[in-house]
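**Q** Going down the list, the sequences are from chains E, C, R, A, Y and W. Numbering follows this note's numbering, with no gaps: position 29 of the first sequence is 29. Numbering follows this note's numbering, with no gaps: position 213 of the second sequence is 527. Numbering follows this note's numbering, with no gaps: position 133 of the third sequence is 761. Numbering follows this note's numbering, with no gaps: position 196 of the fourth sequence is 1138. Numbering follows this note's numbering, with no gaps: position 115 of the fifth sequence is 1371. Numbering follows this note's numbering, with no gaps: position 43 of the sixth sequence is 1613.
It is worth saying that the hints were derived from the structure and are not from the lab. Treat the hints with care, as some may be off.
Claimed, not checked - Derived pair list, reagent style DSSO-like, types lysine-lysine, alpha-carbon separation capped at 30 Å:
1. E:99 with E:281
2. C:497 with R:649
3. E:183 with Y:1493
4. R:811 with C:497
5. Y:1493 with W:1669
6. E:65 with E:291
7. R:649 with W:1861
8. A:1007 with A:1233
9. E:104 with Y:1439
10. E:25 with R:939
11. C:605 with A:1233
Chain by chain, the residues run as shown.
There are 6 protein chains.
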Amino acid sequence: MAQGIQHYNLGEIFEGFLLIKSATKGVASNGQPFLTLQLGDTTGTIDAKVWSATDEDLTTYTNGKVVEVKANIIDYRGVAQLQLQHIQLSDPAKGMSPKDFMEKAPISVETLRYEIDQTIFDMQNATIRSIVRSFIERYNDEFFTYPAAATIHHAFISGLAYHTVTMLRIARSLCDIYSGLNKDLLYAGVILHDIGKIHEFVSETDTTRSRDGNLLGHIPIMASEIKDVASDLDIDKDIEEITLLQHLVLSHHGRPEWGSARTPLIQEAEILHQIDNIDAKMNTLEKALGKTERGTFTEKMFSLDNRSFYKPLI
Amino acid sequence: MAQGIQHYNLGEIFEGFLLIKSATKGVASNGQPFLTLQLGDTTGTIDAKVWSATDEDLTTYTNGKVVEVKANIIDYRGVAQLQLQHIQLSDPAKGMSPKDFMEKAPISVETLRYEIDQTIFDMQNATIRSIVRSFIERYNDEFFTYPAAATIHHAFISGLAYHTVTMLRIARSLCDIYSGLNKDLLYAGVILHDIGKIHEFVSETDTTRSRDGNLLGHIPIMASEIKDVASDLDIDKDIEEITLLQHLVLSHHGRPEWGSARTPLIQEAEILHQIDNIDAKMNTLEKALGKTERGTFTEKMFSLDNRSFYKPLI
Amino acid sequence: MAQGIQHYNLGEIFEGFLLIKSATKGVASNGQPFLTLQLGDTTGTIDAKVWSATDEDLTTYTNGKVVEVKANIIDYRGVAQLQLQHIQLSDPAKGMSPKDFMEKAPISVETLRYEIDQTIFDMQNATIRSIVRSFIERYNDEFFTYPAAATIHHAFISGLAYHTVTMLRIARSLCDIYSGLNKDLLYAGVILHDIGKIHEFVSETDTTRSRDGNLLGHIPIMASEIKDVASDLDIDKDIEEITLLQHLVLSHHGRPEWGSARTPLIQEAEILHQIDNIDAKMNTLEKALGKTERGTFTEKMFSLDNRSFYKPLI
Amino acid sequence: MAQGIQHYNLGEIFEGFLLIKSATKGVASNGQPFLTLQLGDTTGTIDAKVWSATDEDLTTYTNGKVVEVKANIIDYRGVAQLQLQHIQLSDPAKGMSPKDFMEKAPISVETLRYEIDQTIFDMQNATIRSIVRSFIERYNDEFFTYPAAATIHHAFISGLAYHTVTMLRIARSLCDIYSGLNKDLLYAGVILHDIGKIHEFVSETDTTRSRDGNLLGHIPIMASEIKDVASDLDIDKDIEEITLLQHLVLSHHGRPEWGSARTPLIQEAEILHQIDNIDAKMNTLEKALGKTERGTFTEKMFSLDNRSFYKPLI
Amino acid sequence: MAQGIQHYNLGEIFEGFLLIKSATKGVASNGQPFLTLQLGDTTGTIDAKVWSATDEDLTTYTNGKVVEVKANIIDYRGVAQLQLQHIQLSDPAKGMSPKDFMEKAPISVETLRYEIDQTIFDMQNATIRSIVRSFIERYNDEFFTYPAAATIHHAFISGLAYHTVTMLRIARSLCDIYSGLNKDLLYAGVILHDIGKIHEFVSETDTTRSRDGNLLGHIPIMASEIKDVASDLDIDKDIEEITLLQHLVLSHHGRPEWGSARTPLIQEAEILHQIDNIDAKMNTLEKALGKTERGTFTEKMFSLDNRSFYKPLI
Amino acid sequence: MAQGIQHYNLGEIFEGFLLIKSATKGVASNGQPFLTLQLGDTTGTIDAKVWSATDEDLTTYTNGKVVEVKANIIDYRGVAQLQLQHIQLSDPAKGMSPKDFMEKAPISVETLRYEIDQTIFDMQNATIRSIVRSFIERYNDEFFTYPAAATIHHAFISGLAYHTVTMLRIARSLCDIYSGLNKDLLYAGVILHDIGKIHEFVSETDTTRSRDGNLLGHIPIMASEIKDVASDLDIDKDIEEITLLQHLVLSHHGRPEWGSARTPLIQEAEILHQIDNIDAKMNTLEKALGKTERGTFTEKMFSLDNRSFYKPLI
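The following block holds chain E by itself, in its conformation from the complex (with noise of 0.2 Å):
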């Protein structure tokens, strides 16, 4: 990956590893079926087709495998494509991990753990913290490399993290400028709020939708998950804390309309999602502005009512 597959050009032969991003059937004209490969790396993307696909390709060439290539880079209808002299799966030895692969997070996985655990050792209520910490605890690994979303805000390594503790910042001057808003409840809602991602998706590389993401989504499977913690932890099922913390969960897109199991009937839940709302439209819009020229305007942003925004010359 010295160079990354984004600065190969047309009639050069790219020699590495990729990351298969994306692995789709389909039947050519002759009846053979052909696989089409998105490959990419942190530079970017390329297509490639294997060709009259054997059923062991179909199984071995799958989303999230790391794989070895060797290909002309040629044109095919005005966009670079691979054209494939050679493919196997990375051999382990060669120690390659998806991760590798894809965008991370801006800030390191100890900055992220330490702020979360500060925020949770912080936590007056007992209930609530320990609820919370067995969160942390159970998906220990997965809190801290899963994206927060497939494609449109956080989707990157890491992402869940990032997007939860900017929350908690927001969450923290929100809590000094009203001082009526529950901290505990309200951090706690922000910890929680995403964490069914992790059932959501196939796999931290692999961001489809699961059989359980596609039918139960990520929010009622972790609205149950906080019935299954409190019980695990001998909690009495009956008391308010356990109420509360799934309805956060279960109100935290707002609306019915935008996916909410609810709509927010407790303040820390109206503001919960007002802070998840703006956390992940201003990710989406730093990466569009990130590429956008100064005194232009953005491509548009389906997650923005299909906005196209502009960039001040100021």
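On the provided structure of chain E, position chains C, R, A, Y and W as indicated by the hints.
**A** Relative to the frame of chain E, chains C, R, A, Y and W by itself:
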């Protein structure tokens, strides 16, 4: 209750037992708290005021209690009202049960129970069968006494079981017509879909929403409990059956804007939603048409998009 | 049609009969008109181009005609296409009927006709019975050959009658469950509701919309024709039955935004809409699930709010 | 009616004739039925109660009847009310007609009739001309006496014809400006579009909706009747004119959610909808502004999206 | 105001000063005009009637005037009301100001002014700084006394400045978290966004909408005034800063259907909308929760989609 | 332009002048930038590619420039394209104006100017007259050359003035029919309503949206400028006329979701919106029907809710 409150006229004196259907605290212009009680039996309802209510009154006369009253029937702004001479909680020794003052399903509990049991007995899939059976055992009483809704449809004793059995009958005929439907899934979905109402209402005779009914809703409560029951039964938590049963419950309101946490994504979930819809509408319509003369229109029904239905002469 | 067009491979030569499913005129960049023909049989469809099309070609090769072709199967941008060596209208002497090239309902016309006739025979209300019977006599052929929709559900020969008979089966089971329903009205509504489609489509083998299909739609066309038939039968124009039958047709799409000229205002109209909805959805689902492997999702279905349904493993 | 009911004060006695604008049955708290009559003349309306109403009262005092009353003007919760001393149906010998008690269009029936006739006379297309003429002959009286709506716009005697003539004037000026419009089609659409209202209302003086008004609506009723009239005139049922006239009627409310059975698909239908919209809004606005002082706002108008309009000082 | 109107009981006599919060003209059934005055102080409000109101009364007793009254506290249909013995405008010599009778922001005007001034002082962009400073100078009094809304949030003296300062605090913390935000633009947007309210309301003590408030609205009024101020300052009318400040004001309601003339198209405009939304909701919630006991629900709040919020026990 | 680009065939060579209607930068797969030019004259448009575009090319060939080209007409994926042999900016000496390559309004500028001037001359209200006249003087050239929209309706030279004059004609006929309308207000509203488009578009020959067009929109720009013009004329800023003219502009799109900053709240504003709507729709329809054969349907028109209109045979 020989006669029923609806049969009394202005100027008469009522002496007997009535159920408190709702109790609302007010403050009079002299600053004194008072209680407005909606009292009723199976024939109808009538209001009564407890003026200068004491703290004890406020905690004594609450939803779902049976009271013994002596009162004049007076006219209050064009509506009959009870002018209380005396009110007290029904002496337990007199054996009055709140349920005696409420309407009941037109099918006996025995018949309802038989049809439910038979349906479970016939299930082929052992996992589904044992989960469904566990729920019926867990809520052995409640399932056969709770209403299915607070006001709109099946708002009577055993309404939940009656609604379930009617839906099972439709489900069976649709399985005969569409052979691709999985009977175990569909019947299990019918039996489980509204069990969460048992937690949503305060009690079988007080259908105001509980704290959890408001903050969580019967749908997420039930989805969470399916996981719970499966865990008690030592069923592998990742098997498809659990996900499918949770999905059936989560999606049975059809659309997010109708309170559904998911949209139906399996054939049986789509059909479950349709059957639920038909039975709720038919129950509402039958009740309204029962009070309407041929050749005229019913009152506007809120749950039917405010439509007035015509009752034909033929 | 020994083999069917779907079984040919690239490089082979097809020689035989095919139905023109659609014929679209284009203008090439050299200014010459050409025709794109979608040709097919019961196994599938394939495109062919008639370059430099003459005026005669444009009027000869139209929707619903059977043609005799000889052509190479070539690859055109990843999709198989017919490169025509020869094309001509099928010689009438060869007795090819367009219907032979289309999919058919899974129940025979005889069975469909029997169930319809029996249902009419059993009607108690003489006015309703004679109006319904007149329609079946008037459209004796079309009713049993037309599809019920252009593309989405029951888009095959006898689809209209098959859709009607399936709906009648559901209607009968609902009348058993809800005794207040007027069977004559509901069954008449089922039989009449989509007959206007016969005027909406150009022909049984060409389901593009006719002038009247576009400007009037099958619902108002049919409402108007009920009056017409009643007048031919010398039925008093003010009797309730005519209004009720018209209302059933006018309201069967349920809501204005779904193409309904009225909202349902009699119980049978509401149920008719629900049954129509269920059967249309089930037919669409069965077709999509038939092409999907267990444990995977169907393609997105436009008529089902763009949902992909899951086909369970169990 | 020398003076009109609006000019009476509290404490005075009214003796004279009034029209029953609506009669609503109620049940008093003593179980006795009573009637609430809304009585009025061209100057305004006032309520009266017929207590302990007999069955004969209920069938005698109905919408659209003229009654002779003697009554005190009393104050009932801040609103003037008639306290009846005597009420009876107007003696036919006294020649009172309900229409004498209703507001009338500001143009005479003769002028309205002349403009309609002249427009029909000038039509070039013989088919269209004869269909339109047949309708005016068929409803020779009703067309020139019915109102155009129950409450919102043109709710007065001859409102239908007045609305039609005003729309024709706009239509003529638009045909001068946009030369591509087909005058015959547009003028025929204007004249026919609301004739179905004659069936939608119970009578010219009782604009509650009839059975057919509710179950079918004026739009499908009229579309059906155009076919009928064409058939009486022995016009070939497949000619384009019939379809176009039906389309104009079916689409004149513009959008399904505004009660339109079709969306406008010919230029003249789109314009017909716009003209109808303008005239209905202007009539509503003129009435409201007529009661409003300069420099202030009108009351909120439901049919104008609940807006209050400002009446400028200039 | 020693005690406040809320502390009086039925049967007592109130003698003192009150503010006319609203004055509505009515016409009694005897044809006489009367006035309904809503009178109040910082503790609450009470209604009073001026019967047989003279023309002078109608022009004397108007919104925002302080009156001196002597009256019995009587019961009127269950609600306390003032039965006036005497009413007159407050003698100016007594130095009563309408503002003394209204609730005030919980932060002093000095503190509010200091934070606003400091924020302006710190702005880097000279153009933005001088425009914002001009506005604060132009509305030196109004900005620090007007409420921010008529009824929903910040409806108290200095509400506009208080709302602004709270928003500035949130804005500052977000600028710390998201370094890409342009502080000058965002802070200027916060300070300017609601200044148009000064023209939308009749006065600081009468928040009914003015003619321009109705016909133009505070958003376009303010966008226009920014141009005006820039012109007074001889700033080149085409520079980007003017456009950006106008855009911030025009888009701060977020969506057209929420009253926004534009959707936010710069990052700071999106954030401005979010902050405004958060502070308006929090102010409404704090007020409602302040009146609610722990473990119960607030009243339904119209501006929060009619939700009742739960106030947890913890 | 003897012949026009539309009349050239494949294989021919075009040599002459064309207007750059749009210029879009792309990056080829070899990393080289290229330009896609849409070139056109009054007969049609054709694409051309400038491969390996230099920085100078990118700044030279921009929207609205006239170029002199020599090129082969080639086929590119079924669409004709120019294969450039030579391209250069048109020599100014050759006197080619971009406007010569664009469609023009069907009425001469002189006639348009005369009708506008006459309308202003006839205005009774001196304030309104002088404001409207100032605008026409201020935009003496632009008003009579700009189009009224970018693509949908009146997208041709003088489209703005032509749209205005057609609307004035409708306005005059409505003022004859509805005598309560204030002619000065309505005509002023018609003339001013779209003048802001002059700032919304980059130039008369380049209707891409300017920075202010995007961030402010023509409606708020114009509302602000009315205040400006009134101030230049020393008109008292608080008089009603200014508010009314601003209101007419702010509300002429009718509803917020259609881009209106206010809903119409004076009669003339409601009518202005209706007239604007009619003329925009009629212009779009006339253009589409002009390209459609009788007895067939137009293409789907996005601005008409995606409807295809039928062009009758009669």
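**Q** Evaluate each hint against the coordinates.
**A** These are the hints, each one checked on the structure:
1. Restraint check for residue 99 of chain E and residue 281 of chain E: the C-alpha separation of about 25 Å stays at or below 30 Å, so the hint holds.
2. Our distance criterion of 30 Å between C-alpha atoms is broken by residue 497 of chain C and residue 649 of chain R, whose separation comes to about 38 Å.
3. Between residue 183 of chain E and residue 1493 of chain Y the alpha-carbon distance is near 47 Å, which puts this suggested pair outside the 30 Å criterion.
4. Taken as a hint, the residue 811 of chain R and residue 497 of chain C pair is honoured in the structure, with Cα atoms around 27 Å apart against an allowance of 30 Å.
5. Between residue 1493 of chain Y and residue 1669 of chain W the alpha-carbon distance is near 29 Å, which keeps this suggested pair within the 30 Å criterion.
6. This hinted pair checks out: residue 65 of chain E and residue 291 of chain E have alpha carbons roughly 29 Å apart, not beyond 30 Å.
7. Under the criterion of a C-alpha separation no larger than 30 Å, the hint pairing residue 649 of chain R with residue 1861 of chain W is consistent with the structure, at around 27 Å.
8. Restraint check for residue 1007 of chain A and residue 1233 of chain A: the C-alpha separation of about 29 Å stays at or below 30 Å, so the hint holds.
9. Straight-line distance between C-alpha atoms of residue 104 of chain E and residue 1439 of chain Y comes to about 28 Å, which keeps the hinted pair within the 30 Å bound.
10. Distance check on the hinted pair: residue 25 of chain E and residue 939 of chain R sit about 19 Å apart at the alpha-carbon level, within 30 Å; holds.
11. Restraint check for residue 605 of chain C and residue 1233 of chain A: the C-alpha separation of about 43 Å exceeds 30 Å, so the hint is violated.
Hints 2, 3, 11 from the list above are not met by this structure, while the remaining hints are.
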